[in-house]
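Asker: Sequence:
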Amino acid sequence: MGDSRYASYGTDLQDIRKLLPPDFPHYELAPAFIKDIERLPVPKREIVAWTAAIAAEFERENWQIPGFEFASYGLADPIAEGVNEFCVIAWCDPNVKSSGFYRDILVSGHSFNIFVRPAFFSQHSPNVHPYQGRTTCYATAPRVGNPLILTAKHVLEAHLKRRPTQGDTIPLADGTGQMLVDPISMKIMRGTVPFSSPGQIDAAVVETPQGVVPSTGTPFSAEKQVAVWEDTKITFPSGTRDAKVTSVTDTRGSTDPRLDIRVFFDQWGVNGDSGSLILNGTNGVAIYTGEITTASGNSEGVGQHLEQARVAMNLTLLTG
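For the sequence shown, this note's numbering gives the first residue as 1, with consecutive numbering after it.
Please keep in mind that the hints were generated in silico from the structure rather than gathered at the bench.
Treat the hints with caution; some may be incorrect.
The calculated lysine to aspartate or glutamate pairs, modelled on EDC-like cross-linking and capped at a C-alpha distance of 16 Å, are [to be verified]:
(1) Lys44 <-> Glu69
(2) Lys18 <-> Glu57
(3) Lys187 <-> Asp174
(4) Lys44 <-> Asp12
Ranges between beta-carbon positions, derived for each pair [to be verified]:
(5) Pro183 <-> Trp63: 54 to 62 Å
(6) Gln210 <-> Ser98: 54 to 62 Å
(7) Trp63 <-> Gly320: 15 to 23 Å
(8) Arg163 <-> Lys187: 19 to 27 Å
(9) Gly239 <-> Arg39: 17 to 25 Å
(10) Ser122 <-> Trp63: 23 to 31 Å
Every residue gets a Cβ at the ideal spot worked out from N, C-alpha and C, and that includes glycine.
Start from the sequences and build out the full structure, keeping to the hints where you can.
Answerer: Next comes the structure, spelled out in structure tokens:
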């Protein structure tokens with residue numbers, strides 16, 4: 001599913017660049033982050049830099065926003081918030097009654113608005129796939145002998161009724177949702193969780209039995225910096241869908257798993273789609289994890305930043 005309410009923002013990154021100040025942000029950003037974005041093409045470099053500067057300034061303040069849960073940085077909702085602009089989105093508990101404009105924030109001499117969005121998040125858990133979810137891609141990791149499948153951690157949590165830990169076994173299914181059965185023993189095939197995924201990131205791996213998935217694949221990269229309004233494709237089981245990035249949480253170069261990095265999209269799926277791969281060209285962007293819906297009924301898709309998951313688990317990502 002998707003929503004055309006963001007269509008008024010235009011078609012490409014240059015349209016978003018026009019919403020931001022013409023200069024480069026004069027702001028104290030980490031040297032490692034600056035080195036990362038220097039490699040990016042224009043205008044993605046400027047969009048990522050301003051996103052980081054806005055995030056840095058917002059997080060310097062001790063905001064007393066009722067029900068505040070986390071912030072993302074990107075596009076105001078033209079319908080619900082009534083403007084087309086780059087802003088701070090303060091996602092709040094769905095029981096919060098007030099929404100819309102909160103106040104502005106000054107970043108490198110320029111003003112940006114903060115909008116409050118009370119919302120609730122729906123995880124979309126219930127080829128070789130973990131039962132009730134989707135495989136993002138295959139992967140390898142040091143000291144793990146057989147190929148891995150990468151998926152959203154909450155897919156495994158839905159099956160186990162708890163956080164997955166090393167040694168847990170997970171039933172495997174094919175692309176139609178049918179359980180995989182060992183042709184000799186006639187038992188349901190199961191994969192094994194080789195290690196616990198760290199921190200708060202919504203990603204986990206399952207080691208597959210020998211011969212179930214290809215032992216070789218083509219390595220591919222994941223984007224460290226994701227720009228608002230990037231073109232992406234979400235590989236849902238119902239078909240690949242074009243999607244735009246509407247906002248991102250703080251990505252100032254850190255992939256520390258203690259704070260999950262989320263990417264938001266103008267398209268979303270249904271239950272069972274969690275784990276679907278989101279790509280920009282041939283580069284990975286995110287692991288699809290679900291849908292976030294505001295109190296006014298507007299939805300967006302949500303993904304776990306793929307590069308953060310790759311780094312946290314020391315993975316080599318592989319195509320099928």
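Asker: Gln210 and Ser98, beta-carbon distance inside 54 to 62 Å?
Answerer: Once the Cβ atoms are compared, 56 Å apart, the range 54 to 62 Å for Ser98 and Gln210 holds.
Asker: Quick one: are Arg163 and Lys187 within 19 to 27 Å, going by C-beta?
Answerer: holds, 26 Å
Asker: Quick one: are Ser122 and Trp63 within 23 to 31 Å, going by C-beta?
Answerer: Holds: the Cβ-Cβ distance is about 26 Å, inside 23 to 31 Å.
Asker: Under the criterion that the straight-line Cα-Cα distance not exceed 16 Å, is the pair Lys18, Glu57 satisfied?
Answerer: violated, 21 Å
Asker: Looking only at beta-carbon atoms, does the pair Trp63, Gly320 fall within the given range of 15 to 23 Å?
Answerer: violated, 44 Å
Asker: Just to be sure I understand the hint, the distance between the Cβ atoms of Gly239 and Arg39 should be within 17 to 25 Å; is that true here?
Answerer: Given a distance of about 33 Å, which is not inside 17 to 25 Å, the answer is violated.
Asker: Mind checking the alpha carbons of Lys44 and Glu69 for me, to see if they're no more than 16 Å apart?
Answerer: Answer violated: Lys44 to Glu69 is near 28 Å, above 16 Å.
Asker: Check the hint pairing Lys44 with Asp12 against an upper bound of 16 Å on the C-alpha distance.
Answerer: Holds, at about 10 Å.
Asker: Regarding the pair Lys187 and Asp174, is the alpha-carbon distance no greater than 16 Å?
Answerer: holds, 15 Å
Asker: Do the beta carbons of Pro183 and Trp63 sit within 54 to 62 Å of each other?
Answerer: 58 Å Cβ-Cβ, so the 54 to 62 Å window holds.
When each numbered hint is compared with the structure, violations occur for hints 1, 2, 7 and 9.
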